[in-house]
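A.B. asks: Take these sequences, add in the hints, and give me the full structure.
Protein chains: 2
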Amino acid sequence: MTEREPLSTDPYKGVRDFYPSDWAAHERVFGIIRERLSLWGYEEYAASPLERSEIYEAKTSEEIVNEQTYTFEDRGGRRVTLRPEMTPTLARMVAAKRRELVFPLRWFSVPNCFRYERPQRGRLREHYQLNVDLVGVSSDEADIEIVNIASSVLKAFGASPEQFSIKVNSRKLLNAACDAAGLDEDASRKYLRLLDKRDKMEKTEFSEAVRAISSTDPLDLIEKKDSSVKETLNELAHVINALKERGVTNVFFDPTITRGFDYYTGLVFEVFDTSKENNRSLFGGGRYDGLVAAYGAESVPAVGFGMGDVTLMDFLGTHKLLPHASTSPLIYIGTPSPSDIPDAQLFARDLRTRGIRVFVNLSDRTLGDQVKDADRRSIPHFVAYGAEERDSGIIKVKTLSSGLVTELSVPDIAAHLSKAAEAKS
Amino acid sequence: MTEREPLSTDPYKGVRDFYPSDWAAHERVFGIIRERLSLWGYEEYAASPLERSEIYEAKTSEEIVNEQTYTFEDRGGRRVTLRPEMTPTLARMVAAKRRELVFPLRWFSVPNCFRYERPQRGRLREHYQLNVDLVGVSSDEADIEIVNIASSVLKAFGASPEQFSIKVNSRKLLNAACDAAGLDEDASRKYLRLLDKRDKMEKTEFSEAVRAISSTDPLDLIEKKDSSVKETLNELAHVINALKERGVTNVFFDPTITRGFDYYTGLVFEVFDTSKENNRSLFGGGRYDGLVAAYGAESVPAVGFGMGDVTLMDFLGTHKLLPHASTSPLIYIGTPSPSDIPDAQLFARDLRTRGIRVFVNLSDRTLGDQVKDADRRSIPHFVAYGAEERDSGIIKVKTLSSGLVTELSVPDIAAHLSKAAEAKS
Numbered sequence: 087m088t089e090r091e092p093l094s095t096d097p098y099k100g101v102r103d104f105y106p107s108d109w110a111a112h113e114r115v116f117g118i119i120r121e122r123l124s125l126w127g128y129e130e131y132a133a134s135p136l137e138r139s140e141i142y143e144a145k146t147s148e149e150i151v152n153e154q155t156y157t158f159e160d161r162g163g164r165r166v167t168l169r170p171e172m173t174p175t176l177a178r179m180v181a182a183k184r185r186e187l188v189f190p191l192r193w194f195s196v197p198n199c200f201r202y203e204r205p206q207r208g209r210l211r212e213h214y215q216l217n218v219d220l221v222g223v224s225s226d227e228a229d230i231e232i233v234n235i236a237s238s239v240l241k242a243f244g245a246s247p248e249q250f251s252i253k254v255n256s257r258k259l260l261n262a263a264c265d266a267a268g269l270d271e272d273a274s275r276k277y278l279r280l281l282d283k284r285d286k287m288e289k290t291e292f293s294e295a296v297r298a299i300s301s302t303d304p305l306d307l308i309e310k311k312d313s314s315v316k317e318t319l320n321e322l323a324h325v326i327n328a329l330k331e332r333g334v335t336n337v338f339f340d341p342t343i344t345r346g347f348d349y350y351t352g353l354v355f356e357v358f359d360t361s362k363e364n365n366r367s368l369f370g371g372g373r374y375d376g377l378v379a380a381y382g383a384e385s386v387p388a389v390g391f392g393m394g395d396v397t398l399m400d401f402l403g404t405h406k407l408l409p410h411a412s413t414s415p416l417i418y419i420g421t422p423s424p425s426d427i428p429d430a431q432l433f434a435r436d437l438r439t440r441g442i443r444v445f446v447n448l449s450d451r452t453l454g455d456q457v458k459d460a461d462r463r464s465i466p467h468f469v470a471y472g473a474e475e476r477d478s479g480i481i482k483v484k485t486l487s488s489g490l491v492t493e494l495s496v497p498d499i500a501a502h503l504s505k506a507a508e509a510k511s
Numbered sequence: 087m088t089e090r091e092p093l094s095t096d097p098y099k100g101v102r103d104f105y106p107s108d109w110a111a112h113e114r115v116f117g118i119i120r121e122r123l124s125l126w127g128y129e130e131y132a133a134s135p136l137e138r139s140e141i142y143e144a145k146t147s148e149e150i151v152n153e154q155t156y157t158f159e160d161r162g163g164r165r166v167t168l169r170p171e172m173t174p175t176l177a178r179m180v181a182a183k184r185r186e187l188v189f190p191l192r193w194f195s196v197p198n199c200f201r202y203e204r205p206q207r208g209r210l211r212e213h214y215q216l217n218v219d220l221v222g223v224s225s226d227e228a229d230i231e232i233v234n235i236a237s238s239v240l241k242a243f244g245a246s247p248e249q250f251s252i253k254v255n256s257r258k259l260l261n262a263a264c265d266a267a268g269l270d271e272d273a274s275r276k277y278l279r280l281l282d283k284r285d286k287m288e289k290t291e292f293s294e295a296v297r298a299i300s301s302t303d304p305l306d307l308i309e310k311k312d313s314s315v316k317e318t319l320n321e322l323a324h325v326i327n328a329l330k331e332r333g334v335t336n337v338f339f340d341p342t343i344t345r346g347f348d349y350y351t352g353l354v355f356e357v358f359d360t361s362k363e364n365n366r367s368l369f370g371g372g373r374y375d376g377l378v379a380a381y382g383a384e385s386v387p388a389v390g391f392g393m394g395d396v397t398l399m400d401f402l403g404t405h406k407l408l409p410h411a412s413t414s415p416l417i418y419i420g421t422p423s424p425s426d427i428p429d430a431q432l433f434a435r436d437l438r439t440r441g442i443r444v445f446v447n448l449s450d451r452t453l454g455d456q457v458k459d460a461d462r463r464s465i466p467h468f469v470a471y472g473a474e475e476r477d478s479g480i481i482k483v484k485t486l487s488s489g490l491v492t493e494l495s496v497p498d499i500a501a502h503l504s505k506a507a508e509a510k511s
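Protein sequences appear in the order of chains A and B. Count along the first sequence from 1, then add 86; that gives the number in our numbering. Count along the second sequence from 1, then add 86; that gives the number in our numbering.
What you were told as hints is all true, and nothing was included just to trick you.
Identical copies carry no separate label here, and so any pair may be met within one copy or between two of them.
Heads up, simulated DSSO-like pairs for lysine-lysine below, C-alpha to C-alpha not over 30 Å straight-line: (1) 241 with 406; (2) 330 with 311; (3) 183 with 406; (4) 99 with 183.
Derived from the structure by calculation, the hints contain no laboratory data. Owing to the predicted nature of the structure, the values given are computational and were not obtained by experimental measurement.
C.D. replies: Have a look at this one:
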């Protein structure tokens, strides 16, 4: 082999390496979410990150398809995109088995999604995004359930209603207001984009931009409860009241919430962190009744939300709600000499059949150094296994935190360790 | 919006959609593997499928980098590859934290890997591949452990030693034989490639191809136990004996096993299905002591294996070892009328806090049709929740398989359902 320059150890720009402790934290968080969603009767699905590019050209906002995706041509001339979001894939999968599936579908997924953009805090090029969708129900009971689940997922970590707020709005409401203000489809879309950026603009700047589109600001019609928007306002009030009755007390009407994607058709909502240090939008979702129809199937009503892992972790960190995660083995089997390793492995095998997670030393370090090694690995128990232990069948288990040593016969070890683990948790 | 042609519902060529039952089967299989590996003290890591292309140009076989990867240039001019395998990423991650990590590392991962090739049975463009690696131990105790784990993972599904066989060999052995036969580095590499394809060639065809490289077939030197290969033969015999002593009885020496990658430096092994219908290579691995050094770090000894999900599923299917997987809710809450849905959701909330997976009807179907719906979804229990149940607090739980109806107060439901689930399993 020819000599080479050493390779860089950096991952590709904007993506993350997950070392075991990072991944344990990630999986613990999504494990809690999976458990919560299964209580709501939701089932997990998955798909490849590689998607045919055309599915994003149907209804995603143009900016995302043109400038912010990883899109390339494969050697067979097919245009491929690394999915920037999961909803178009979900719609495709639903349309593909439209006749076999039993509706409603209560589905979720935790795909990694890709965006080609400048990496910055909370906006990596790859992130994991929980997607929760209820497909096949047009009534507002579905909207209520989805918002309730968004709240339930945060509560699963111990978040209190004071730590986040849920702002709801309706695309139907905004459309009615735009209609009443005399905006055509194109102008309405422009107005919605403007509204989406409102928080980042000066008040006068926003008013001026609106005036360039319309003489009446549709928001004013909503505020005045104009007759053109009364019906949808009442519908939204019903959703909010039902949520409050079901224990979601931190839900508010906010007519400026739009969500970015073009495909929303009804309810839209966004969840905000209320803390001063991290006061920002966490995630959101809404109703998208038209997306499945893009595949030629009859339209299928659907409502859902997407929640990114980075923002979620930030929220949990800010509020000290990050769950403890560990995948460390329970016991370290030390060996007085390397020649004891084969016997130690047989002993380990015995413990494994009893359900005990075991780490076997394979080095020629001294027993003292092996104890230190166990400690560095946060393995709570240590046992030295040599000829004496093999012959007598009596094992001395040391609990490293207390220094306590207990003499046990092999069959008693499992009970001893699980008792110790219980006492600790 | 302008009218469009309906989009195709197919996924991108050669990749799979995982509907909930598919994903449940996948996750059940890898759940069993995760559990088994944690008993061996192994911890899970992960990384992005996007990698800098250069890391595959170091030591992977040339064919793979040049013709079989998804490689493209991002808008910043960086060459990006969708990982075709995990080992180079693992080596990169180890090199990056060389000084912080506590060796040995017992690590595993289940990445999706991508190959640009004609889709065929068991060879998709994207598959999931279990990777198990023991990093930082140069002694053959590490080789023994890794082969033992490969066996242990299959046994975790109930596979018997008669259903698969493990063939081991050593690159050191092959290199010593090539040296003794007078082959230089280039000729040795050619010979190994030839050996890798031997099973697919006629005997005479193979002999002729060997003669074009060397007057002596290195395999003959191994068969004759030539003095040049005695030492490595003895080492291999020790590994095989140790495995047999530890209960891995189906392990055999096979000097024709080479494995595809250039980076192997010692032990190589391959696991075969022994059934007549599915008699083929399942997976394999080996020792690769030089890979971390490509990143400029000192070399770190490492040994591991990779196992693809498609071949694994085929193996489990052939031998009727596929585990039962279900993520269905435990109880279906029907509603006599849609106006009962809000109360039904409150009731569902109560059950969820008791740890019960609940499916709430949101449709206006009749109760009879709701029972049929529960049945189609394989939800084992049904309860109708209306004004009567709300007022009395007495619920009639119907077990759909037996038709049995039990009257219960709400606090007793959890115990009743978990008893029923136990009786069934």
